[in-house]
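**Student:** Chain residues, written in single-letter form:
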Amino acid sequence: MKKFFYTILPFALLAFASCEKIFFEDDQASADPLTNFEYLWNEVDKKYSYFDIKGIDWDAVKQRYSDSIRADMSDEELFRILGSMMNELRDDHTNLVSPFNVSVYNVALKSEPNYYERTVLENYMPNKQYMYTGAFSHNFIGDSIAYLRYGSFMSPVTNEDLDFILTRYANTKGLILDLRENGGGNVFNIPLILERFVETRTLAAYSQTRNGPGHADFSAETGFYYNPYDGLRYTKPVMVLVDRGSYSATTFFSLSTKAMDNITLVGDTTGGGGGLPNGGQLPNGWTYRFSITRLLDLGKQNFAESGVPPDTLASFNWNDLSRDEILDVAIDIINQ
Amino acid sequence: MKRIIIGISLCFCLHQSGIAQEKTTPNLPDIDKIEFKPTRYFVSSYGSGNVVFRDFATSPLFYRGPLLSVQMAWSKYKLNSKRAWTLLTNFAPTSVQLAEDQTYETKSGGIFSSSSFSYAYMHKLPKLTRGKFSFAAGGMWLNTFNFRSNLSLGNNAAGVEFFGNIMASGEVQFDASHEKSGRRYILKYLYYTRHPRKQHFSFQFNAGLLNWNYRPGYAYKELPELDGSKTNPLELVLSGFDWKLNGYRFGTELGFTRYKQSGNAVKWSYCWDILHAPGRFEPFQMAMHRIQLSLLFNRN
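These protein sequences, in sequence, are chains A and B. Each residue of the first sequence is one higher than the one before, counting from 1 in the working numbering. Each residue of the second sequence is one higher than the one before, counting from 337 in the working numbering.
You can take every hint at face value.
Only part of the chain A face toward chain B is listed, based on derived beta-carbon distances under 10 Å:
#: 1; residue: Lys46
#: 2; residue: Glu195
#: 3; residue: Tyr225
One side of the interface only, derived from the structure: several residues of chain A facing chain B at Cβ under 7 Å:
#: 4; residue: Phe24
#: 5; residue: Ala31
#: 6; residue: Pro99
#: 7; residue: Ser207
#: 8; residue: Tyr226
#: 9; residue: Asn227
#: 10; residue: Pro277
#: 11; residue: Asn278
#: 12; residue: Pro283
#: 13; residue: Ile292
#: 14; residue: Thr293
To be clear, the hints were calculated from the coordinates, so they are not data collected in a lab. Just so it is clear, the structure is predicted and the values come from calculations on it, not from any experiment. Cβ coordinates follow ideal geometry from the N, Cα and C atoms, glycine included.
Bound-form chain A, shown alone (with noise of 0.2 Å):
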């Protein structure tokens, strides 16, 4: 009994200590071409959050690929067409990565651009200097303007960069906060802009979080606030420029400002990206991201993701760049 004991018993037992493989479904690792396609196809269509919004037929998209899988293909013939069925989305918010390739919608490239930086530099900054404060380059236009470029929501935003920025700024007439080009980053520099610009608690967007199987299955919507900083704020009128190339979190400070009345948008409308992105792999090992929120705004409106509207048009002119026509749109605004 006693061998038995010590001879069995530790086998048996670590032979059943290793088998987690009973327990578990099979490993679904796979290089397999159709395999993944269906994989990231099944994914989108049960997550993503613009199908409706943006009338677009999975369904035919999945119909319209699926005839170009062989199980011969190449990676990088894979990676082609997976890339291009992700991008009939037509949302930036959307990337499939794998280790030799990112696909990318690029939105910004769908028009003009309407920022050029040393037309800003040359012409309207004293001396052609910045000041560099933080992620913030700035000085005085004039003497009673305060110009502000924040270039990605990406930099981190601190309250002693506003605090200094908004210090030297007090007794401006206006404040200029150029957020054209800016692709956006993480949200929650938003609110540490924004909060001092407000002088109540304020409502200024909802989010709705796709919740089920059906494209049109979402959450309850959930509402955005914005609570007055605790501290120095500006109250005197504030003029943000956009264009197609601010996008994503620029989308979402844009939508923002429509809730707030010393905010003018000013410039071509953003870019879209409303939507919060996931992150995901595939059987391959590649990762994909697509927006499975979408943004509304007050009225319940769902165009922040084709971009959101200024409320002064204005654009570039790309045959004098001498002039930055957003620019002065926004000066004539502040003096006027």
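Mind docking chain B on chain A? Use the hints.
**Tutor:** This is chain B only, laid out in the frame that chain A set:
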């Protein structure tokens, strides 16, 4: 001369008494008394092994990694029962397990950490005790919190889940103590000297009776109401999470415990833990193996 004879005799007697001391059973505590008299132990454990997990909400692929673990337990042994409060932390760097025919190898991985808090109670079953075998049955309340990070998953880079389990436990112990010293021959000239020891083998099996989990919602990430810069980060991370009573969890521990004369003990064990949490929408699966060294400090 008389002094020399007395001296030699004294040395001989002392030598003999030394030998006699070696041959008799030292004053070791009886194992039953060690185990079942009210005794408190603080148990400090260190382990190593591996973890494998798969979160279908973000990937159909298994992630694996070498595991390091630290465990602390406060246990109390009574005549017919024992109970233990345990804190366990596991940490592992993980990497994705791809198909073998992959042309380009995707670098995807991150960190995995899992922390558990448990309370266990076992009651001896005297009627089942046969010879050196003894049996006990009881239960365990086990709570596990996982935090995972994988930057290649973008906004889903952080994975968080909570598991709660009410488990039924069974334990069998085999008393492998020996009270006499002596040589144990493996071959004719190959032997080792066995000293009197109190020790036992044990095997514990835990099976989840009630298994609940706190897992993400349909789209994994969900935007809650955002209160500007005052938004609670925890609310943001856990938005859309939901409790669900489903899945299973099993665990085993094969151990060998050897007691010291001081009442302290050393335990080597092999632990296996497996769970499957379907959640509301997409399941999470995890298995951990580890070999663990435990130092039991008698607190009496």
